[in-house]
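Colleague: Listed below, chain by chain, are the residues.
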Amino acid sequence: AQSVTQLDSHVSVSEGTPVLLRCNYSSSYSPSLFWYVQHPNKGLQLLLKYTSAATLVKGINGFEAEFKKSETSFHLTKPSAHMSDAAEYFCVVSYMNRDDKIIFGKGTRLHILP
Amino acid sequence: KAGVTQTPRYLIKTRGQQVTLSCSPISGHRSVSWYQQTPGQGLQFLFEYFSETQRNKGNFPGRFSGRQFSNSRSEMNVSTLELGDSALYLCASSPRQSSGEQFFGPGTRLTVL
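Just so you know, the sequences run in chain order A and B.
Be aware that the first sequence starts at 1, since it is given in the working numbering, and climbs by one per residue.
Be aware that the second sequence starts at 1, since it is given in the working numbering, and climbs by one per residue.
Take these hints with a grain of salt, some might be off.
Calculated cross-link-like contacts (lysine to any residue; reagent style SDA-like; alpha-carbon spacing at most 25 Å) [what the hints assert, rightly or not]:
#, chain 1, residue 1, chain 2, residue 2
1, B, Lys1, A, Asn41
2, A, Lys49, B, Tyr10
3, A, Lys58, B, Ser98
4, A, Lys49, B, Phe45
5, A, Lys106, B, Glu101
6, B, Lys57, A, Gln2
7, B, Lys57, A, Tyr95
Don't read these hints as lab results, they were simulated from the structure.
Let the hints inform the model, and build the full structure from the sequences given.
Modeller: Here it is in structure tokens:
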């Protein structure tokens, strides 16, 4: 069965240090992959997406993610964390033309320490 | 383009009542999906409507229902409210069915007393 796993429910980093949020998916099919961010009491906002073009995807606010098929991973990174990055992040996988499923990860809450 | 709008933003109901939430998608988007978000269960998919037809459904009881109108606006109804229905209800629109790229509204915060 298809699934997506966000390996950390909480991540804490100091302001100015790198951010790594991990996401693994399982599937025999080629997925489309997305990262969303949700700030407190807000809806989700698309950060970036991978849809079988370049494996390194750049998104908004300095975030990027690399699709690694051999590792079935799509980790989200940022070189230098900012206080405004404190939020919850969701990894999402979709399989167009394969049961039409969209699967959300359980989310990773990112804490930024001053 | 205007974003996805949801009304009302906040709602307080008592157990046993019913509630209707509304979602207006981005102009031109024909898919509307609904999600329930709670601290305990996280983000859970309720259903998706595309061109006025329910295309996908999550694992929720029949008390949760929805519909979509010809202008793509959607409503979600919850009957016989339970305390556990207290949640943030998010609506998302997309130009395509079953797309992982969705545009979310700010949500409706429902509190059941």
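Colleague: Give a verdict on every hint.
Modeller: Hint by hint, here is what the structure shows:
no.	hint	verdict
1	B:Lys1 - A:Asn41	holds, 22 Å
2	A:Lys49 - B:Tyr10	violated, 31 Å
3	A:Lys58 - B:Ser98	holds, 23 Å
4	A:Lys49 - B:Phe45	holds, 20 Å
5	A:Lys106 - B:Glu101	holds, 17 Å
6	B:Lys57 - A:Gln2	holds, 17 Å
7	B:Lys57 - A:Tyr95	holds, 16 Å
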